[in-house]
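Now for the letters of each chain:
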Amino acid sequence: MAETFDDLRDLYQETILDRGRHPRHAQRLATFDATAKGDNPMCGDRVQVWLRYAPDGTIAETGFEARGCAISIASADLMADSVQGRSKTDTAALFAGFRDMVGSGVCPACNPALQQLAPLSGVHEYPSRVKCATLPWHALLAALESTPGNIEETSSE
Amino acid sequence: MAETFDDLRDLYQETILDRGRHPRHAQRLATFDATAKGDNPMCGDRVQVWLRYAPDGTIAETGFEARGCAISIASADLMADSVQGRSKTDTAALFAGFRDMVGSGVCPACNPALQQLAPLSGVHEYPSRVKCATLPWHALLAALESTPGNIEETSSE
Amino acid sequence: MTVPFDVARIREDFPILRQTIRGKPLVYLDSGASAQKPRAVIDAMVQAMETQYANVHRGLHWMSERTTDAYEAARDAVAGLMNARDRSEIVFTNSVTGSLNLVAHSYGRGILKPGQAVIVSAMEHHSNIVPWQMLRDQHGVELRIAPIDDNGELDMQAFEALFHDGKVGLVSITHMSNVLGTVTPAGQIVRIAHAHGAKVMFDGAQAIVHRAVDVQALDCDFYVWTGHKLYGPTGIGVLWARREILDAMPPFLGGGDMISSVTFEKSTWAQVPHKFEAGTPAILEGIGLKAAVDWVRAIGFDAIAAHEAALTDHAIARLSRIEGLTIHGRAQDRGGVVSFTLDKAHAHDVATLLDRQGIAVRAGHHCAEPLMQRLGLDSTARATFGIYTTLEEIDVLADTLTRVREFFQ
Amino acid sequence: MTVPFDVARIREDFPILRQTIRGKPLVYLDSGASAQKPRAVIDAMVQAMETQYANVHRGLHWMSERTTDAYEAARDAVAGLMNARDRSEIVFTNSVTGSLNLVAHSYGRGILKPGQAVIVSAMEHHSNIVPWQMLRDQHGVELRIAPIDDNGELDMQAFEALFHDGKVGLVSITHMSNVLGTVTPAGQIVRIAHAHGAKVMFDGAQAIVHRAVDVQALDCDFYVWTGHKLYGPTGIGVLWARREILDAMPPFLGGGDMISSVTFEKSTWAQVPHKFEAGTPAILEGIGLKAAVDWVRAIGFDAIAAHEAALTDHAIARLSRIEGLTIHGRAQDRGGVVSFTLDKAHAHDVATLLDRQGIAVRAGHHCAEPLMQRLGLDSTARATFGIYTTLEEIDVLADTLTRVREFFQ
Ligand SMILES: Cc1ncc(COP(=O)(O)O)c(C=O)c1O
Ligand SMILES: Cc1ncc(COP(=O)(O)O)c(C=O)c1O
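Chains as they are written, first to last, in our numbering: chain A, 1 to 157; chain B, 1001 to 1157; chain C, 2001 to 2409; chain D, 3001 to 3409.
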């Protein structure tokens, strides 16, 4: 049946559908070092991100709970994969690259991590959907900046 | 030199220029029965009208003081001529005809009194100038309605 | 199924409907957000800009006098459309949001007293909520919410109960919901409110597009709407209110054209409607709006209402058959607005996938978050119909939705 | 005398300038009231309505996303025109009157405290007087008037003296008088006000048309103007303010698009500029305004200013030679506005007679009654110049005025 959906699949690639339906990281971490919430008032998307750090301060594990569209859930899930083992600066740099990619649709200096996130680049045609893709990242960055014990709230607006 | 002004004279007929420059009734009456003021806030035209009644209650004499354009002064002066000897109802009826004429530019059932006021009919092309022509009439009607001793204020707006 | 006028011919009036989106013909089902503009509106605005334009009211020259005539003719057209008693009851604003804010400021702060209450319904647009919240917070007026039932209809018993203490000064309520399509029982609302000494304002942003509105027959006190949903330009809205109410209301915005005289010590106000129209008005937009009103009235609201009823019935019938699809709003009396959700796909994903097939619907909270909370939803997808919408377009929507549902299976 | 660009070519951009009035070519000397619209503006609006239109911001479909892009591009264009630090500092309103009222309400009632003072000048437009009178009467703020001298220039010593008690919170002052043509010494005004801890707003309705405005160089706090005088459509105005000021200001109007979230209990606001843009904005007008800004910038303000200086010099020279004619306003630094009176004829009669020769000038108090009182006049006639005005048109004006004077002899 897949072939009859070719016209729908250009933006909603299999990865997005799959990750949207069956995210691998969609859970609250049993123990965590930081957490933050994000919401997109425009569409009601909501996400909370939990982080556990490795001894060297890099991200050891990311979990999330999200209510929202396939794009935002898939983006959260792919993000959790791609930031593992990264430092705060590293993560911020990756987000900068990601934001450029989903804003423009192109990825001029695409490293493997960005490549992994590339299925989301199609949203550049929909500025209002770009916010769905970046929302989990905003929450993640807020968590990275947070003082332990606090729950930061951020908005993709 | 008059011929070189033909193009200016269609609206500003000789009567209007003449009455505007040398009005015959532009004075406060020494004794009067009623008076009222009118002003047109849009252009700063201002007029006060004084009335003296005949024993039968008709208008015996009208005087005015006006600050304003040639149209409003000429209109006040022609009005003073045309209402002499008229009752209140009569005056109101004349004003109704006058207002129609200056609003439309035509005078379908033109009696001699309206004929006398016809030089003003050209203003119908300028709705904002129509108010210059009707302002003295509004003041006159307010005076006719006034309780002796009061000064009514009216506005052509 | 027959439609009461020749939609194909109507569509020829709308150049934009010939556009394609990614090679697919545009299926524009977002008229409830903003309607497309017929040639008559475009031409009227162009003609003004090309041949007859100047500022209005302060004229004295030909262009200004004629532009004033054209602009003021819009007031007559709108007065005729709404059957206002007098043209001076028509106040032009920049949008229905502007109209609602004008009333909330001028009537709300000038006439309503702290301690009085304002009723809105549970299905209002934010534009008819936030100004009243600001009034509540700044002026001490209470805000009461008239609840709706599960069909999306006003609960009239609960509505009447809100008047129990005699504090209600104003009911400001939608005449037609932009999410559920519900047309509220205007006559009954007015009777109840007036019996309790309260005034009634209808937010007619949606309603005026779908049926004839006669403010005298409705017997309401205020009626507001906006040009861009009635096939007119953006940037112009309408406030109708009874003359005696407008006379009693203090001005809202200050500036040119709304004054009678100005000194630094004290200013006095112009007569209505000008008292409420500060500054150079939306001249070109008024001229465009007149063209829109004339165009709509030439088609006639009987035909429009019948056409939209046919479209809505068809849409509900077709969409109801799609597995996993829920239609929100089942009011008896309703207009051409159909909100829905799919069980397996978020409304935003639905809207994006429809868009890729050239179908424009809206998804989100539709500026009615409290209603979403009442429905227990974050968002819905919403298809809204206009004069130019065809039954075939609804079939395309239904067929594509069926495929989207399968895609997300 | 040479002009810095080809006026004949510019005039071809304006279809309306080919009109005749009673068989005479239109001589449009009323651009200060509202400017005519070039083909670029007309085309941009038509193209939107014919090919790419939907509501903005709440989109999700192609038409809405693209219309949002086009509308938001207007913000970028305006930010560029004014050299704003950031596009979020540009708030769109419905007119400069709307902008001034927004500041008077939001900054005036939200930030200024009762007992503080606002300074305006003796030559303000009513739009920059009445909102402050309302603020004074409703909020207890004092209104102080900066006087002008007999040339129509701000008396800077008297201006500075108004700050003596440290109560002044805001100076709201014209950047160019719409009656006298005076360009106020913006830099000096800002330095004095800031030295006394007061903010400065310029009413740039006239100034922005005549010269490059750089808000960073001016170092002011607010700058407001309107589209229709800058060759753009009606129905759209601009408020620029420093980001931190906008952030601190409470919202003014409530409705769609200006919220972050709404519940009946409490709403939260969107980020600037959206916090101040309630409801569907003037979409088509934004698109038209962008075209106007682009068109004006392509010509360039150096050329425009030089052209208008040449026109103004010529007008003053020619009109000064007419017996019985008085020019009001003799400021050193001035724009393309010339007000005058004739000894033997009322300004209204002058305007009407000029109109019969196809010449459009304005007569009256020009929405500046307090200035008229200062000048000891009821009204003046006023000729204002635009990009398309020619030296020959000024000759026609002068020649006709000479005849009018004789006619009224
Ligand atoms: C200096 C000045 N301020 C304010 C205004 C008011 O502009 P608008 O009527 O477009 O709001 C004008 C124009 O009439 C003006 O010249
Ligand atoms: C019922 C209702 N009220 C108010 C509005 C607000 O209209 P606008 O944004 O044009 O001011 C809308 C449209 O979005 C609406 O549907």
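Don't take every hint at face value.
[To be verified] Reference listing, derived: stretches of chain B covered by chain D, where coverage requires no fewer than 3 residues with Cβ under 8 angstroms from a Cβ of chain D: (1) 1007 to 1019; (2) 1037 to 1044; (3) 1066 to 1077; (4) 1125 to 1132.
Note that these hints are calculated values from the structure, not bench results.
Here the structure is a predicted model, which means the values were calculated and not measured.
Backbone N, C-alpha and C define an ideal beta-carbon position, used for all residues, glycine too.
A quick look at each hint next to the structure:
no. : hint         : verdict
1   : 1007 to 1019 : holds (count 6)
2   : 1037 to 1044 : holds (count 3)
3   : 1066 to 1077 : holds (count 5)
4   : 1125 to 1132 : holds (count 3)
The structure fails none of the hints (numbered hints given earlier).
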